[in-house]
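Asker: As a plain string of letters, each chain reads:
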Amino acid sequence: MFLGMKSVWLSLHGKPTPQLAQLDLASGRLQLAGAELVAADLCCEVPVSGTVYGTALNFRGALAALGEAVHAAPYLAPPRAPILYIKPRNTWIGHGASIRLPAGHDSIVVGPTLGVVIGAAATRVSAASALEHVAGYVVVNDVALAHSSYYRPAISQQCRDSFCPLGPWLMPRAYLDDPDALGIRVYINDALQLQSSTSQLIRPVRQLLADVSAFMTLCQGDVLLVGLPEGLPQARAGDVVTVEIEGLGRLTNPVVAETPGRAPRSAT
Amino acid sequence: MKRARVAWGGAIHGASEDHGRVRLDTGALADESALVWLPPFEPRTIFAVGLNYADHVRELAFKPSAEPLIFLKGPNTLAGHRAFTPRPMDAKFMHYECELAVVIGRPAYQVSRVQALDYVAGYTIANDYAVRDYLENYYRPNLRAKNRDAATLLGPWLVDAADVPDPMRLALRTTVNGTVTQQGTTADMIFGVAALIEYLSAFMTLGPGDVILTGTPEGVVNVNPGDEVVTEIEGLGRLTSLIVAEVGASSCAGQ
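Line by line, the protein sequences are chains A and B. To convert, note that position 22 of the first sequence is 22 in the working numbering; the numbers rise steadily by one, no gaps. Just remember that the working numbering sits 1000 ahead of the position in the second sequence, which is counted from 1.
The set of hints was computed from the structure by calculation and includes no laboratory data. Treat the hints with care, since some could be wrong.
Some chain B residues near chain A, calculated using beta-carbon distances under 8 Å [unchecked claim]:
#, residue
1, G1074
2, D1133
3, N1142
4, V1180
5, T1181
Yeah, the Cβ is synthetic: ideal placement off N, Cα and C, and Gly gets one too.
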């Protein structure tokens, strides 16, 4: 064991039960059951098992991009409570697995975000005690097809198979001092395409947990995505997309064109 | 075959209907009222369809759409037959929705409506409550209005698809404290069961345990603590719920 090693929960491809691995974040190297692994080369399963909830319009810049439209039809008023949506199981893929670009589409929209993993059921928790309900954090790429309206649920844009990469690992909460000051970067083919920070959240993590749990229970294992920054980049077939969150890790997935008429991986 | 999941004697059991009584998987016979009823299966992805009956669309003053309005729900909202559903203290309009729930039996991707019913494992009744006070025009209907704890009841039975020869000709009915408030037929759906499976599977893979709540006809009225709401669908049974004042309870399936 070296100084600075972090114990993270990792599920290697074909082994869905997460195992504790020792991570050296600076070098991207891990030790798992005596073997030395390079994070960038791994192919992983998703390290979570609950329901994944996305939060819309929780970055200042993303809400500002709607401008005065929030006062006009169909919205009529700015959002009051957190606006959530769900990324269902068919969308989940691990680090290294392929994002499938659907036939008939040129590009996907990359959605870098922080996933807050619930460790103990949260019902009507206060902001002050909210982090006690958090097991840890995961890097998430909340992929969608381009759409501009927030009026109706956008499941045909958000819920395509493979549109929610999560990973590579679950980082226990104790390793992150402040979830509201984490740099977020997107690289496409190693070129930096977006830079943001969780300091731009309208509802910081503790407040978001309090405001969501005021109207519904977040269960153990659920993942609450904190929101998407403005200016999301697009990626095409053949691109390799990396979402990086400071202190947490790098989630990399290639984009491949879907073969028309061919059944995808079996739904599990 | 009608199957259920119940808690009895401190354990969870499978159960089936036997001449009006409940046969546990242990072989024992029990009365319906002696059991705690769980949703009859453990759902994976939960889909709900809004504005899917022409009469209900008129009731809410919306224009029918060319595409179904579909949103997703989480497991926190599930409860079984005879459940207590909390009504927020500040709400002015909370209503039930009697819905045919369609349970998927095997992976379905890009399935045509002609074949769609082959992918159905069975059917159950859903009562999908809404608190209209909390509706906002972002991803409407938003989860604060439609994904509250213990506000989506499923059951009592999962009825095999083979025992429901035509899901598009079933009478639906809701009573509040014994008075009929909602009546309709699945024949009036704008997007029928097969069309919904075709629509969803065109862009995402459906899997075993996925469930589609297919919408509700007109006749939704406000309910209050103490009300007993019974949603019935022809051939599937009667799903009962009791409205209670909201207190600090949590609800996580399986925890």
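Asker: With reference to the structure, classify each hint as holding or not holding.
Answerer: Status of the hints after comparison with the structure:
1. G1074: holds, 4 Å
2. D1133: Since the shortest Cβ distance to chain A is 11 Å, the answer is violated.
3. N1142: holds, 6 Å
4. V1180: violated, 31 Å
5. T1181: At about 26 Å, which exceeds the 8 Å cut-off, the nearest Cβ of chain A leaves the hint on T1181 of chain B violated.
Checked against the numbered hints given earlier, this structure breaks hints 2, 4 and 5; the rest are met.
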